[in-house]
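Peer 1: Each chain is listed here by its residues.
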Amino acid sequence: MYPPKFDYLSPTTLDEALSALSGAENAKILSGGMSLIPLMKLRLVRPATVIDISRIPGLDSIEDRGSHIEIGAMVRTSDTAGNALVREHATALAEAAGSTADLQVRNQGTTCGSIAHADLAADQPAAVLALGATMVAESTRGTREIAAADFFVDTLTSALEPDEILTRIKIPKGGRSVYRKLGRRGGDSDYPIAAAAVWVDTTVGDISEARIALTGVSSKPYLALDAAASVVGTDGSAEAIAAAASHATDGVVVLEDLYGTVDYRKQLAETYVRRALEDLLA
Amino acid sequence: MQVHITVNGIDHGGDVEPRRLLVHYLREDLDLTGTHVGCDTGYCGACTVLVDGRPIKSCTMLTVQADGSKIRTVEGVADGNQLHPVQEGFWECHGLQCGFCTPGMIMSSVALLESNSDPTEAEIRHGIEGNLCRCTGYHNIVRSVQYAGAKMRGETPALGVTAEASS
Amino acid sequence: MSTTSVMGGIVRRKEDPSLIQGKGIYVDDKKLHGELAAVFVRSPFAAATITSIDASAARALEGVHAVYTAADVRHLGPTLAQVAVGTLRPLLADGVVKHVGEAVAMVVADDRYVAQDGADLVYVDYDPGQAVVDLKEAFSDAVKVHADQSNTLLTWNGNAWWEGVIDLPDPSPGIQESKLRDDAVVVSLEMINQRLIPTAIEPRAVIAHWSAGYGSVELWSSSQIPHAVAGAVATTFGIPSNKVRVIAPEVGGGFGVKLNVYPDEILTCFASRELERPVRWTETRREAAYSSIQGRGWIGTATITGTRDGTILGYELEAICDMGAYTHNFTVAIPLLGLFVASGQYDIPTSYKLHCVVTNTMTTDAYRGAGRPEAAYYLERIIDAFSRKIGMDPADVRKANFHPPEAFPVQTAIGLTMDTGNYAVNLDSLLERVGYEDLKAKRDAARSEGRLLGIGLSTYVEVCGFGPSGLAGLGFSWAGYGLPTAFNGSGVVRVQPDGTCTVTIGTGPSGQGHETTWAQIVSDGLGIPMENIEVQHGDSLDSPMGVGTFGSRSIAVDGTATFEATQRVKAKAALIAGHLLEAASEDILFADDGAHVAGSPDRAVSWGEIATAAYQPHTLPEGMEGGLEASAMFSPSNATWPFGSHMALVEVDPQTGDVDLLEYWATDDCGNVINPMIVDGQIHGGIAQGVAQALFEEAIYDSDGNFLTGTMIDYALPAAESLPMFQLDRTVTPTDVNPLGVKGIGEAGTIGSAQTVVNAVVDALAHLGVEHIDMPLRPKRVWQAIQDARG
Ligand SMILES: Cc1cc2nc3c(=O)[nH]c(=O)nc-3n(C[C@H](O)[C@H](O)[C@H](O)COP(=O)(O)OP(=O)(O)OC[C@H]3O[C@@H](n4cnc5c(N)ncnc54)[C@H](O)[C@@H]3O)c2cc1C
Ligand code: FES
Ligand code: FES
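Chain order of the listed sequences is A, B and C.
Taking the numbering used here, I'd label the letters of the first sequence as residues -14 to 267.
Taking the numbering used here, I'd label the letters of the second sequence as residues 93 to 259.
Taking the numbering used here, I'd label the letters of the third sequence as residues 3 to 793.
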């Protein structure tokens, strides 16, 4: 339980961090360390260089940018959970962040770190998918924006290139959202066995737009496109909700592990989509 | 790498290997062995300390990450000989048995009560979610925190040995 | 203010001031000058031949002092065990490995980080073989774990267990016959009592210091049994036991995992002797999970034969019990403890067959309850199923079969004698407090709204307080470690010349509050204030010859020894005080930190004055020996038999299978209570562990013997949010086995609780057709059971 040796860098500017990252072989970004450090302690990951981005000024804020809010790379999960802007404009993310792990882990881990880590059962990725967020990736080569829908590639694999840092997440304002989960220890404790984040726009009466995302269910957090399509244009009646929920796992390979069989997870996915929609439209 | 860390109000400087975990720095380099290690993966919370006022797990933080910060450990909770109300609560309400989880539990409880002086039972249970205890079933830990909350609000706690023995 | 405590009073614990300030000393907190640290290289295979070990790169690493393998330690023999039936564990794997996590090499280096770096450079080649993990497959002997031996080490067969000691008629033919009755109802269920990991939050840790000059060794170990460990060290190295000091300082939880002698305890001594430096080792959580003992692991079929009026005509259990690969301390004796309480609180013909079977997994041994939770689980689950089958209230069925209070002492089905019991009173008091009828109405009302509420009930009997010296020949002794002491209690009480008091005891507590409870016993006897009494334990040389803390034995056995020693000191002090006060010793009373003449509180001397006289023999009555100290050893005539009744209310989410434990009540009876606060604390923790077995925890090996639950991520201990407050009460039925009337309470909560929760969940789902769900009742299993029942 003692990490192997590595070189440690703690750059104080983003440029410094980006050039260190692009120049180094087998380097890892360290933000909160809540995933990276346990893996290093177990010696499952052995980076040659660790680049700690926590001393770069300006990365730890949540900003109101008019049409959207922005969450910087060093915003801790507990701050995301408690932030008034996030609670108002990105409720699902606040709820997902608030139900992540425990207080100590939320105090250390970052929202962007969790997104970048792309764990198949992490909470916050589902929320950014449902909220239609955009990830801003920077490298010495430049800056690019990646839609959340394109970001989660596979288990522990994101669309980030090895030389890129996820510097901030942009979340558009508008609509309403929730996050509902069944945690491994029951209730909403611990990683989800299955969880759903749902966002809808009902400004003109019926549901004009919707996004439904699931996590813990398949090899990566994903958008349930058919489920969302099915609820759009309806008034959110019980039948409409049930119909939408029945599409929760369309097109994905459902996971089987200690916590759930395929059938069970499929049913859980449907249940949480339904509960999320019910709570949101109640 | 050189670090400067303030622990319980005392400045420490020194050279540490980047891989050295904060918990080992505290326990072995500074001899503050009240902070314990109970697991490998950041789950048990026995290593909980406050870094710049926030509870964190010192087994999952590199010492170099804490460079420049102010740390409070269980050894720094009492005010001289005066126990902190949380410590008093654990003593009064039998909030510990083997005592191994206790320093971490106390640090989480201190942080909880500093941000919410009158938590409900559910809020207490949620607030110590990151600290596992194998001995108490949490029953008396919840009561200990309730005792401490009352004390910190300036009330006379209705719980605990002193109250129960005199009633 | 005087803090003299009466027995039965609550007092703050003497242990706590240091612990709440982070100033208690656990083994890993102990630092020795020049110490080195060890890390083990462990097998990733469950069954394999070791074809080569290359440690050259590790040895060459800067900071590494030694790498040891079997070749270096073979001459020391295997790790000793108390009940040495089966294959003993080699100190380091010798040519073969039998389970994942088995130690293959030990690396000793400047510190733990470097030792781990060294361990990464030890290259071991394995030739994997076939592992046996499934219990039924192992029982079939199709594949053998140890080439030369059947997988079944022995079968505990009903009353035949002490054949030749006691002769009892075999109940089986009678039970078979009753099945043929026209009115017979037979209910049978196969159930798994899964493997668990004790999971003390403090991992085990040792630090050994061999002094070449003195030819002695000091070993600090996070152990419940320092004396036994000392015996094992002495025997292994062929030195006298008085050259070995084993110290168990603060111990951060035990629950049985620290009730064993482990290779690391021997190997750090060995390395310290070789390297002439202190050597430490602290286990990781993964090691705590897969290379320190696990518990439970039974699959069995329970059968009840009875009639519709609730009469039980016979109870049968046949189970295969998982021993793991190697035998440790009590391994094969754990099922025997289950046999001791096979019939629970009931007067029912009982037939038991328990097969002790080895598999390619970590050894099992005593985990909180040890055999007794398994026994209670099978019995109380099947009684529930029987009650449902005959449509009778489960509380009524239980009452119909209780041993009545006037039957005590009761001879059990296997010929032991239960001391005292008052079962119906205990159960009725629980039912009344809970408001059982109202609770059932509430459950039924909820059910009619589609909510799934369930009520679970269980009673239990525990057997504890070991034990009678006469059982030494049956394994209740440390003879296996070269220290042939029966499970006696011991205590030394000394009043110091300044009137304060030192008590040294032979227990090895790990959170049970002995320092406080024992001080209460002495304070109550002598009138010395609590704060003037120091209780010491956990030192194999400085404590009296002790046995340790396990099996809820400490208070009934060692507590009694201290009580007896207190009486001896008191008798002598009365003589001295009588002499000083010119009164008859029979007229001397002790209170308020001194003694006075009955009826004349002004004619008083303080303990300081009594003690001062005691240590100046010339001031004493003619012929009286100086000093004020007594020691006592206590060997009880019988074990003690606590009991109780537990009830739970749960709600099941029909869509997700998530179980919410809404309320939990327990009415326990452990005889007289010395400190209710501490007793309640033991029950809280015990219940939490039983609930954890019911709902959350399971140590899992896959069919190849890979271990899947080595972190706290996968082995999910309940957190504060997973549990409710526990609503406790007690009845008091003192034992007559010891003068304190105390029985023991360390395991009761665990023995009573797992089946209480499972009974509640099954109650919530029974109307859907669910008969049983195996633990842990993870949401997926509960959901699946609902689906299967619905068809
Ligand atoms: C005890 C415990 C319980 C947990 N429970 C949960 C839970 O219930 N739900 C849940 O969702 N998660 C849980 N987690 C994971 C936790 O949320 C982590 O904090 C999170 O996954 C990673 O965030 P971090 O800031 O700590 O990232 P780090 O550990 O620092 O980094 C994780 C990975 O992402 C990379 N990375 C980090 N930041 C960036 C960036 N800005 N740009 C590019 N790459 C980056 C790192 O190089 C590394 O590979 C738990 C963790 C622990 C220790
Ligand atoms: S030691 Fe377990 S969380 Fe830090
Ligand atoms: S008191 Fe022992 S783990 Fe909490």
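These are calculated hints, taken from the structure and not from any lab test.
C-beta: ideal position from N, C-alpha, C; glycine also.
Careful, some of the hints might be misleading.
Distance condition first, Cα-Cα at most 27 Å in a straight line; then the derived DSSO-like pairs of lysine-lysine [what the hints assert, rightly or not]: (1) A:13 <-> A:-10; (2) C:245 <-> C:32; (3) B:162 <-> C:16; (4) C:33 <-> C:355; (5) A:158 <-> A:13; (6) C:391 <-> C:401; (7) B:162 <-> C:25; (8) C:444 <-> A:-10; (9) C:16 <-> B:243; (10) C:25 <-> B:243; (11) C:33 <-> C:16; (12) C:32 <-> C:16; (13) C:391 <-> C:181; (14) C:391 <-> C:146; (15) C:391 <-> C:442; (16) B:162 <-> A:-10.
So the derived label-pair ranges between C-beta atoms look like this [to be verified]: (17) A:267 <-> C:440: 30 to 38 Å; (18) B:101 <-> C:504: 47 to 55 Å; (19) C:406 <-> B:212: 20 to 28 Å; (20) C:704 <-> B:212: 53 to 61 Å; (21) A:139 <-> C:132: 32 to 40 Å; (22) A:204 <-> C:58: 50 to 58 Å; (23) B:101 <-> C:58: 21 to 29 Å; (24) B:94 <-> C:61: 31 to 39 Å; (25) B:206 <-> C:770: 42 to 50 Å; (26) C:704 <-> A:220: 34 to 42 Å.
Peer 1: Let me make sure I understand: some of the numbered hints might not hold for this structure. Which ones are they, in numerical order?
Peer 2: 3, 4, 5, 8, 14, 18, 19, 20, 22, 23 and 26
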